[in-house]
Amino acid sequence: MGLDLRICHLYPDLLNLYGDRGNIAVLVRRAQWRGIAVEVAEVPVGAPLRAGVHDLFFIGGGEDRQQALAARDLQSGKGDVLREAVEAGAVLLAVCGGYQLMGHVYRPAEGEDLPGVGLLDLTTSHPGKRHPRLIGNIVVRWEPPAPGAPSTLVGFENHGGRTRLGPGARPLGRVVAGGGNNGEDGTEGAVYRHAFGTYLHGPLLPKNPWFADHLIALALRRRHGEVPLAPLDDDLEAAAHQAALRRAR
Amino acid sequence: MVDLRLGASIAAGRLSGALIRTLGLGGATTVPGRVAGALVSDLLPRLGRGLARGSVLVSGTNGKTTTARLLAWICRQAGWACIHNRAGANLPAGITAALLGHSALDGRVRGDLGVFEVDEAALPLVSGALRPRIVVLGNLFRDQLDRYGEIDLVADRWRAALRHLPADGAVIYNADDPLVADVVRPHRCARTFGIADPSLRRGERPEHAADGRYCYRCGVPYAYGAAYLGHLGEYHCPRCGTARPPLDVGAAEVRLGGMAGSTFVLAAGGERAAVTTVLPGLYNVYNVLAAAATALALGIPLATVAAAVREFVPAFGRGERMTIAGRPAYMLLAKNPAGFNEVLRSALAGGRPIVAVIAINDLTADGRDVSWLWDVDFEMLRDRCRLAVVTGVRAHDMAVRLKYAGLPRAAITVEPDEARALRRGVQGLEAGEPLYVLPTYTAMLRLRHILARRGVVRASWED
Chain A
1 MGLDLRICHL
11 YPDLLNLYGD
21 RGNIAVLVRR
31 AQWRGIAVEV
41 AEVPVGAPLR
51 AGVHDLFFIG
61 GGEDRQQALA
71 ARDLQSGKGD
81 VLREAVEAGA
91 VLLAVCGGYQ
101 LMGHVYRPAE
111 GEDLPGVGLL
121 DLTTSHPGKR
131 HPRLIGNIVV
141 RWEPPAPGAP
151 STLVGFENHG
161 GRTRLGPGAR
171 PLGRVVAGGG
181 NNGEDGTEGA
191 VYRHAFGTYL
201 HGPLLPKNPW
211 FADHLIALAL
221 RRRHGEVPLA
231 PLDDDLEAAA
241 HQAALRRAR
Chain B
1 MVDLRLGASI
11 AAGRLSGALI
21 RTLGLGGATT
31 VPGRVAGALV
41 SDLLPRLGRG
51 LARGSVLVSG
61 TNGKTTTARL
71 LAWICRQAGW
81 ACIHNRAGAN
91 LPAGITAALL
101 GHSALDGRVR
111 GDLGVFEVDE
121 AALPLVSGAL
131 RPRIVVLGNL
141 FRDQLDRYGE
151 IDLVADRWRA
161 ALRHLPADGA
171 VIYNADDPLV
181 ADVVRPHRCA
191 RTFGIADPSL
201 RRGERPEHAA
211 DGRYCYRCGV
221 PYAYGAAYLG
231 HLGEYHCPRC
241 GTARPPLDVG
251 AAEVRLGGMA
261 GSTFVLAAGG
271 ERAAVTTVLP
281 GLYNVYNVLA
291 AAATALALGI
301 PLATVAAAVR
311 EFVPAFGRGE
321 RMTIAGRPAY
331 MLLAKNPAGF
341 NEVLRSALAG
351 GRPIVAVIAI
361 NDLTADGRDV
371 SWLWDVDFEM
381 LRDRCRLAVV
391 TGVRAHDMAV
401 RLKYAGLPRA
411 AITVEPDEAR
421 ALRRGVQGLE
431 AGEPLYVLPT
441 YTAMLRLRHI
451 LARRGVVRAS
461 WED
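Protein sequence lines, in the order shown, are assigned to chains A and B.
Per the working numbering, residue 1 is the first one in the first sequence, and the count goes up by one each step.
Per the working numbering, residue 1 is the first one in the second sequence, and the count goes up by one each step.
Hint data in this document are derived by calculation from the structure and do not stem from the laboratory.
Just to be clear, a hint being listed does not mean it is correct.
What the hints assert, rightly or not - Below are the SDA-like pairs computed for lysine to any residue, each with C-alpha atoms no more than 20 Å apart in a straight line:
no., chain 1, residue 1, chain 2, residue 2
1, A, K129, A, R107
2, A, K129, B, L302
3, A, K129, B, M322
4, A, K129, B, D152
Can you build the whole structure from these sequences, using the hints too?
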């Protein structure tokens, strides 16, 4: 039997603010180029999320109004499914607004708290309009999952909320240029088991294809065990990564 | 009494403009406004009050330059003296500069109607200063999120702008856009335009580059009888019944002819007229509707409007036709997902695989965040683009986007230098084929600068 990958795209029509579907496109094509069959299930607000099915979950970012709709929907069962899936080894990538929702709570400058899924040990609060949003090109230093991959992640960030990690999550990387989680402690993103949260869009995976391959390898492990991924020709992606590095400095 | 300070500020503004043009530094489309405005803080309202027929402000994410230019053209054909910020200088200084160019030193304005395109975010400020008789709202799409912020914030600014309208001030708006309709809803004196041809529907769900999918009152997705372009279409909320408002001015029997332009029947009240335009694509049908609905509201006869539309030539870079190295070329500004999709559809309408130069910059005026490239449906170029030469500051991002859209690697050429990219594009053409040049805003200015030096086009500010 051939290899297959089951991806779940949460709220594709709601949390899709910053080219987020590019992350899905990159995961799908990089798997397909290696002969791996891919299925993408799009799960909107109100639709059920079945437990135990998916190898990889993706959730993107949205505007305040959309994020509140998604937060409410996550509380009605989907959050539990996500938490159990991650405990069982599934992969999760959460970007920007989706990242905030994976924490314990999002505290806006005004109005009521948005409860999070509590899958990542972090909280986010918005310090109010007098504090500038963190907007711009961002470079993060991380430990590359494979030898030969660059030790940088590049992207663009645009968020008002400041995220602080608890002891149960470790940062994805350290900020080289840009704001990161909160603009103060030098951390960016969060990792717990195979769950990754980050403020990097741009989108994230097209210019960091090594990260995409890492996610694919982890996701395959759930049902297929350790599978070596054949190398691909990444000349365009590598050049775009370099161009983004230059742009951020 | 002569106001010396006013006279001095007008003189200073105009002198700065003359200097800039004499020194060959550019078109002086905003500096005179800044110079003069620094001397007299309420210069814009004072100059604006001199317009006997008042002002019309045109705003919207896409199409405001073309719409304002077309409206000014129609008004001139009707015999009015129009003052218009032609070069797309759409912030308060640019509008002040346009008025200064037609002012005597005593502050008297030589013109009877102002037609100004206004940046979405600047609309409250300009509306407060000019107290316009008409505000035209075209559409609201996500654009430059790093600069404007979320689309709801722009909508709120527009709500504030409409509060500045005088009692008899009117709003003319695109009824097919649920976001715009929601902004205008409380306003008493409003007229609508939109598409009245369900055969143009592209499905019952809006395409990916859509923003207003969820009802503002209920939070449930709109149901579409016909989705035309992004989230524009004939929609209603299945829960509260909020629906596309009835059309005062509509386009029926629309025939899209790709780069050759379009024809449609313009229906306004009981009147109908056949309209022909060289402007390509459905998005330009909306622009023509916006300009026509406004001209009609100003009292210009339908026959005059239709005749003027037929003679209209597009603004620089917006479907502009040119000849590069002996080859026909089209330059189509593309600066956000919804606009880019429309430009691609127009370029592909001929049915043959195309050769394109795609120029992507990430300067402030383009938006520094290029993630929007992934919200454009470049997948439609798969098997229909023989060669894509990507250029500009973010050429590499564009190349990666095309690769994942499914273009073969051999069809993608990366050439960050714009002049060389144009050459590579021309070299890739077969006999009789046109070159499609698809730039973001600052890339468009840069390409036109290169082409103006070669005498291919006129400078933007002379256009």
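Now the hints, each set against the structure:
no., hint, verdict
1, A/K129 to A/R107, "holds, 13 Å"
2, A/K129 to B/L302, "violated, 48 Å"
3, A/K129 to B/M322, "violated, 47 Å"
4, A/K129 to B/D152, "holds, 16 Å"
When each numbered hint is compared with the structure, violations occur for hints 2, 3.
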